[in-house]
Amino acid sequence: MKSRSAEQEKRPIVMLANGHPPFDTRIFIKEARSLVQAGYTVSMILPHTQDTEKDGVHLYAVKPLGGGFDKLFVSPWRILGKALKQPARSVFCIHDSDILGVGLILKLFGRKVVYDAHEDTPLQISYQHWLPRWLRGPYAMFYYLLEKICGWSFDAIIVAEPVIAQYFPKRKTYLVRNFPLAHAFRTHVPVPYATRPQALTSVGTLSKVRGLIEMLEGARLAAPRASFEFVLGGKFAPASLQEEVLKKYTVRFLEWLSFDAMVEVLFASRVGIIIPNPIERYKTNYPVKMFEFMAAGLPVIASSAGESAAFIKEADAGILVDPLNVQEVADAIVWLFTHPAEAEAMGQRGQALIFNKYHWEKENETLLTVYRSIPA
729 MKSRSAEQEK RPIVMLANGH PPFDTRIFIK EARSLVQAGY TVSMILPHTQ
779 DTEKDGVHLY AVKPLGGGFD KLFVSPWRIL GKALKQPARS VFCIHDSDIL
829 GVGLILKLFG RKVVYDAHED TPLQISYQHW LPRWLRGPYA MFYYLLEKIC
879 GWSFDAIIVA EPVIAQYFPK RKTYLVRNFP LAHAFRTHVP VPYATRPQAL
929 TSVGTLSKVR GLIEMLEGAR LAAPRASFEF VLGGKFAPAS LQEEVLKKYT
979 VRFLEWLSFD AMVEVLFASR VGIIIPNPIE RYKTNYPVKM FEFMAAGLPV
1029 IASSAGESAA FIKEADAGIL VDPLNVQEVA DAIVWLFTHP AEAEAMGQRG
1079 QALIFNKYHW EKENETLLTV YRSIPA
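Going by this note's numbering, the first residue of the sequence shown is number 729, and it counts up by one from there.
Fair warning: there could be bad hints in the mix.
Derived EDC-like pairs: lysine to aspartate or glutamate, alpha-carbon spacing no greater than 20 Å straight-line [as the list claims (entries may be wrong)]:
| no. | residue 1 | residue 2 |
| --- | --- | --- |
| 1 | K813 | E847 |
| 2 | K1041 | E889 |
| 3 | K799 | E847 |
| 4 | K791 | D826 |
| 5 | K963 | E983 |
| 6 | K791 | D779 |
| 7 | K1085 | E1035 |
| 8 | K1011 | E1070 |
| 9 | K840 | E889 |
| 10 | K876 | E847 |
| 11 | K876 | E889 |
| 12 | K1041 | E1070 |
| 13 | K936 | E1008 |
| 14 | K813 | D779 |
| 15 | K1085 | E1042 |
| 16 | K738 | E1093 |
| 17 | K976 | D988 |
| 18 | K1090 | E1070 |
| 19 | K840 | D826 |
| 20 | K810 | E847 |
Quick list of the computed label-pair ranges, beta carbon to beta carbon [said to hold, decoys possible]:
| no. | residue 1 | residue 2 | range |
| --- | --- | --- | --- |
| 21 | Y872 | G784 | 32 to 42 Å |
| 22 | G767 | W984 | 43 to 53 Å |
| 23 | L812 | K1085 | 39 to 49 Å |
| 24 | A1073 | T915 | 20 to 30 Å |
| 25 | V919 | R980 | 12 to 22 Å |
| 26 | T1066 | H911 | 57 to 67 Å |
| 27 | P1103 | K791 | 26 to 36 Å |
| 28 | A1073 | A1104 | 30 to 40 Å |
| 29 | Q894 | R1100 | 23 to 33 Å |
None of these hints come from the bench; they were simulated from the model.
None of the values given here were measured: they were computed from a predicted structure.
By construction, the Cβ of each residue, glycine as well, lies at the ideal position given by its N, Cα and C atoms.
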């Protein structure tokens, strides 16, 4: 047992976010709860309807966002105001690039600051449909330089994927990958594969660039040759895409799912599918939904383009397809639903890979190392 004096040395941790829901899987379910379990006092400041407390994490709400102007220019000041009211010895963790300026101001006040870079921000900006094309390059360069300055100024950097580390000083950058919580899947009431509904499932952000149309067309082509239901869970981007899709295609749409609800949906499925378009942004990222499919024992239809394909190959945990070839997608769907024994074996191999190697419980050790590296 740790001594009382050792516990008192732990700095309070305050997580700041501007573009994530209050109970985000990485920020709240994985990081905040893990830090509480390790003995830290953890708070969050982000847009929400009211202050609350859950699982030992204190959530301080700022007024929910309006439009883009509010998000970029009003909300950060509200977050900063509440952050400055937290104990001065706290460590502040920035979770969104649009509040990096808040982190720099906190450094000017002598606070300890960590940046958790979830995505390759400059690359992500180059694909933002809401930005005029002429503005994307300069805007991406602005964030490239801003992240460089923050990398030099902040006390530690956390990156969710190896490719993001290139932007930051090696000596204080830590890789904390967004792998699944093995415990959440391991402790779920076992659902034998043979008794699961004939469901093909995709969850998360539903957008064209993430392969939504290719999935829908593949499912449409596969339908005459195999019996299954296509289940979509998440949020359409843009929102106008929802009406277009639900009018044209036969799917069961579950809207946005909490983490626990998402786990339930996966255990009520037979096949997971995730085939983002082969653009640079998705060639290097680690799609967390793919790992969650594997953790639930689902064989995965995944893109053959990009680094994530290596995880499927490692365990022979699914079928890799050209994400733009809807006939390949359809053939993969048909094969998995008409070869249930082989599909189940693929799912079991993928699940074993997650439980034994690629899970949050291992990544959490690095997360704790980050906060231990900051002097008390």
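Outcome of the hint check:
no.: 1; hint: K813 with E847; in the structure: violated, 29 Å
no.: 2; hint: K1041 with E889; in the structure: holds, 19 Å
no.: 3; hint: K799 with E847; in the structure: holds, 18 Å
no.: 4; hint: K791 with D826; in the structure: holds, 16 Å
no.: 5; hint: K963 with E983; in the structure: holds, 6 Å
no.: 6; hint: K791 with D779; in the structure: holds, 10 Å
no.: 7; hint: K1085 with E1035; in the structure: holds, 17 Å
no.: 8; hint: K1011 with E1070; in the structure: violated, 28 Å
no.: 9; hint: K840 with E889; in the structure: violated, 23 Å
no.: 10; hint: K876 with E847; in the structure: holds, 15 Å
no.: 11; hint: K876 with E889; in the structure: holds, 17 Å
no.: 12; hint: K1041 with E1070; in the structure: holds, 15 Å
no.: 13; hint: K936 with E1008; in the structure: holds, 15 Å
no.: 14; hint: K813 with D779; in the structure: holds, 15 Å
no.: 15; hint: K1085 with E1042; in the structure: holds, 11 Å
no.: 16; hint: K738 with E1093; in the structure: holds, 16 Å
no.: 17; hint: K976 with D988; in the structure: violated, 30 Å
no.: 18; hint: K1090 with E1070; in the structure: violated, 29 Å
no.: 19; hint: K840 with D826; in the structure: holds, 18 Å
no.: 20; hint: K810 with E847; in the structure: violated, 25 Å
no.: 21; hint: Y872 with G784: 32 to 42 Å; in the structure: holds, 37 Å
no.: 22; hint: G767 with W984: 43 to 53 Å; in the structure: violated, 32 Å
no.: 23; hint: L812 with K1085: 39 to 49 Å; in the structure: holds, 42 Å
no.: 24; hint: A1073 with T915: 20 to 30 Å; in the structure: holds, 23 Å
no.: 25; hint: V919 with R980: 12 to 22 Å; in the structure: holds, 18 Å
no.: 26; hint: T1066 with H911: 57 to 67 Å; in the structure: violated, 34 Å
no.: 27; hint: P1103 with K791: 26 to 36 Å; in the structure: holds, 35 Å
no.: 28; hint: A1073 with A1104: 30 to 40 Å; in the structure: violated, 50 Å
no.: 29; hint: Q894 with R1100: 23 to 33 Å; in the structure: holds, 25 Å
Going down the numbered hints, you'll see the structure goes against 1, 8, 9, 17, 18, 20, 22, 26 and 28, while the others check out.
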